[in-house]
Each structure stands twice: as C-alpha cells, then as structure tokens.
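Peer 1: Listed below, chain by chain, are the residues.
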Amino acid sequence: MTASTVHDDVRRARRAYLMVATWIPVAVTTIAVLLMLAWLPEMPETIAIHWGEGGQPDGFGPAWSSPLLAAVLGYGLAALFAGPAVAAARAGEWGPTMRFLGALSCGISVFLMTLVTATVAAQRGLADAADAPAIFLPFALAAGGGLVAGVIAWFLQPRVAASGGTVATPVETLRLGPGEQAVWLRTVTMARPAIVAVVGVALLMAALAVVMGLTGSGLWGLFAGLAVLFAVLAATTCVFRVRADAAGLHVRSIAGVPRFAVPLDDVVAVSVVTVQPMAQFGGWGIRAGIDGRFGLVLRAGDAIQVERRSGRTFVVTVDDAATGAAVLSALAARRAAAGS
Amino acid sequence: MLLRIDPESDAPLFAQIADSVRADAAAGRVKPGERLPAARDIAAGLGVNVHTVLRAYQDLRDEGLVELRRGRGAVVTAQAASLSDLHNDIRALVARARAAGLSADALAALVKETARDR
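Protein sequences, first through last, are from chains D and L.
At position 189 of the first sequence the residue is numbered 188 (numbering that gives the first Met the number 0), and the sequence of numbers has no breaks.
At position 40 of the second sequence the residue is numbered 39 (numbering that gives the first Met the number 0), and the sequence of numbers has no breaks.
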C-alpha cells in the first residue's frame, strides 16, 4: 500500500468520524434545543431538573435552564470530541480506538439530548413542577437511543488502521552460542507528570468523599470508591519490571499485578519503535493504540515492539530497548531454528 | 541489564554472572546508585539456582562494586564510574591485542600477571 493511499484512508476515516462525532451531535442538539424552546410557552415557570431517590424529582429550576444546559453540553461535547480526530489525523494515526471514540461521542450526544428533551416534554402542560413524572421512562428512552446511535455510528465509519510515521527498526541480533543463556532485565517508571495526575486525582476523590461525608450527601460512597480505584491504579501501573529471556518477554508491575507475557514461541518479529503516548495511544498506562496495538506506554521514547503469531502487536516502553529487543530476537531465532 | 552465561564454559556460573554485571558497569549501562535486579528474577531468567546469583552478588560486594542493603537489594557503588572510565582504555587495548593476533584469554592472562606484579 503506498503512502498516499494510507493518507487518503486516514482522511476518509477522519471525515466519517467528524460526521458522527461532531456534525450529527450538533444537529441533534439543535433539534433538541429548538423543540424545548418551542415548548416553553406550555411549561410551568419552574420545572423539575433533577431526579433523586426512587426516581422522583428533587431539584427544580427555571424552564429555560434546560434548553440552555442542552445547548452548552451538546455543542461543547461535539467540539471536544473533534479535537482527538484532528490531532490523530495530523499525526497520520488512525485505528479502532478512534472509531470507538466517534461512536461514543454520537451515543453520548443522543443519550443526553434525548434525556433532557424527554424530561422536558413530560412536563408540558403541567401546572406545577412537583407533578413531574419519574425519570425512568425518559432514562430508558435515552439509554436505548444512545446505544443504537453509538452502534450505527460505529458502522458508519470505515475500518482504517494506520501507524503514522513510526518506523519499526529491526534489531541487530545478539550472537548467542549454542548452549549460552541470556537474560535482559530493566525497570521502567511512568513519566512523572502522569504519576502526578493519577495520584492527584486519587487525592481529589478522597477529599471530595470527606467533604460529601461531612455535609451528609449520599454520594460520599461513590467518591470514596473512586479514590480507592485511582489509588489502586497508581500503585499498580506506575512501575514495571521488564524481562526478556528463554521463556519470552515478561512485563510485571511491582505490585505483582497486572502482568503481561509474550511466550517465546509466540514471537514472530521484534523491533524497536519510538512511542508518542498521546498521539499513538491517547495517553499513558495500559493502552489500546489508535492503530490497534496493545501497549504498556509509560513514557515517550524507545520501546520494544513484538509482533505475535496471532497478528496482534505488543509494545512496551523501556530504556535500552535495542538491547532487550536484540536478546529476545536472538532467543526466538534460536528456538525457531531448533524447532525446524 | 544484560546477563549472559555459557554452561559449557569452564568458568563457574557465579563468576560468569559477576563478569556480566561488571561488564555492564564498565560499559556505563549500569550507573552508580542503581539497584540490580532481584536475584530471583535473574535466576529464573537464566535457569540457574538463586544461590548461584546470590554468590555472584556477594563476590561483587567483596570487590566493592555493589553494596548489599537490607530491603533494597544490591545497589551499585561509585566504583562503577571508575570502571566505565576504564572502559575506553579497555576497548582500545582489546583492539590492539586483536590486531596483534593475541587471543582474549591470552590478553586476560597478561593483564592479570601485570596487575599481580604491583
């Protein structure tokens, strides 16, 4: 496939993405806002805008706040979701992750707009907001609509996978004697800003949980749970031990889990690549690449890339990737030669 | 860190492991203050007994290249920096010896004799 056809594919995928992730949500938002504005004369001045325990209304506000919220959310999200597409396409990256993001944007937009519009529609002709019906039917409608929209948005986008400008350099293999054993070990730590972000969020969630608990809000349990989740994430995904030996490539968190392994027999090709976490994987940590690769992406820079027998690719960012790749490649070649 | 052993060779395994670590230190791939991998991991990777690796670590400690600390494991000392200073000299010497037709073993024996003479 020539470079220009890949380029065209990425452009085609980006156009489809923008259609489902931005333009359709803009249209849906506009319809929702117009409908709600048209209904304003039939609404009571104050309507229910929040539902709580048992699905009954427990928060009220002016009728015009709903179309306003819908406009801000709808247009805001549509603009937000456009960003990754532009960035990815410019880097020449595309894949199932972007396709999913596009479907997600469409689904979320339809869900939110349906929810707000349905709750407003249910209050047309009411004299008193306290008579507003429960949230269940609008929620079910919105959830169903969002799901269907998301699925359709997935299939409206083409299946394109492109790895941008990353060149995978094949490794210079180590010369191994017939009986010789070799092992390569390294420790890799997540980039400092990413660690700060994860730990920061954990602390923020914990602080919010305390505040919620003190003010008697029922949501403190949710935030406590989120704090625990992020603390676990921080503990398990910040430092990994990487090892290449006769059993294959093993990557293990210092917390014990998670672990990833590529058995030596599974290794088809080993190379060294340069990883840009944001552009290629959408962030740091245990990631699905935009182009379908699976990676442990802890920092930008050199990484060992292994192509597996199943066709899937595993990437792990680690210092001195060239030596690690050379060891793995030599061991795999020797195993393959011995087997044949 | 890269460790290589040849079970066929005459040299004992623990010595080969220590040689590997020393070579990495000399090449600057392992720096002062760095922790060496856990003996358990090296043993599993090379398919040797963990005590073999521990013996190598103890020899390196006796040499002054690593410090064994409770809870921290084997930490590389500043001697690694001196070793890597020597690295370029060693490479030049090896190149000259090879050009002169001297085998690696013969060169090593010569260096050992000269060092012992002091």
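No lab work stands behind these hints, which were simulated from the structure alone.
Take the hints with a grain of salt, since some may be wrong.
Stretches of chain L that chain D covers, calculated by requiring three or more beta carbons in the stretch to come under 8 angstroms of a beta carbon on chain D [as the list claims (entries may be wrong)]:
(1) 3–10
(2) 35–45
The calculated label-pair distances, taken between Cβ atoms and stated as ranges, are [said to hold, decoys possible]:
(3) V74/L to G338/D: 19 to 25 angstroms
(4) A332/D to A108/L: 30 to 36 angstroms
(5) P31/L to A196/D: 29 to 35 angstroms
(6) G70/L to D264/D: 34 to 40 angstroms
(7) A196/D to G70/L: 44 to 50 angstroms
(8) P31/L to P192/D: 36 to 42 angstroms
(9) G300/D to A94/L: 27 to 33 angstroms
(10) E112/L to G178/D: 27 to 33 angstroms
(11) R191/D to V93/L: 26 to 32 angstroms
(12) G70/L to M18/D: 56 to 62 angstroms
(13) V256/D to R60/L: 28 to 34 angstroms
(14) A94/L to T4/D: 46 to 52 angstroms
In silico negatives: residues of chain L with every beta carbon more than 10 angstroms from chain D [unchecked claim]:
(15) A22
(16) A105
(17) A107
The beta carbon of each residue, even a glycine, is placed where N, CA and C say it ideally should be.
Peer 1: Confirm or reject each hint.
Peer 2: Evaluated hints:
no. : hint                                 : verdict
1   : 3–10                                 : holds (count 5)
2   : 35–45                                : holds (count 6)
3   : V74/L to G338/D: 19 to 25 angstroms  : violated (41 angstroms)
4   : A332/D to A108/L: 30 to 36 angstroms : holds (34 angstroms)
5   : P31/L to A196/D: 29 to 35 angstroms  : holds (31 angstroms)
6   : G70/L to D264/D: 34 to 40 angstroms  : holds (37 angstroms)
7   : A196/D to G70/L: 44 to 50 angstroms  : violated (29 angstroms)
8   : P31/L to P192/D: 36 to 42 angstroms  : violated (27 angstroms)
9   : G300/D to A94/L: 27 to 33 angstroms  : holds (32 angstroms)
10  : E112/L to G178/D: 27 to 33 angstroms : holds (30 angstroms)
11  : R191/D to V93/L: 26 to 32 angstroms  : violated (40 angstroms)
12  : G70/L to M18/D: 56 to 62 angstroms   : holds (58 angstroms)
13  : V256/D to R60/L: 28 to 34 angstroms  : holds (32 angstroms)
14  : A94/L to T4/D: 46 to 52 angstroms    : holds (49 angstroms)
15  : A22                                  : holds (12 angstroms)
16  : A105                                 : holds (20 angstroms)
17  : A107                                 : holds (18 angstroms)
Hint compliance for this structure: hints 3, 7, 8, 11 are not met, and every other hint is.
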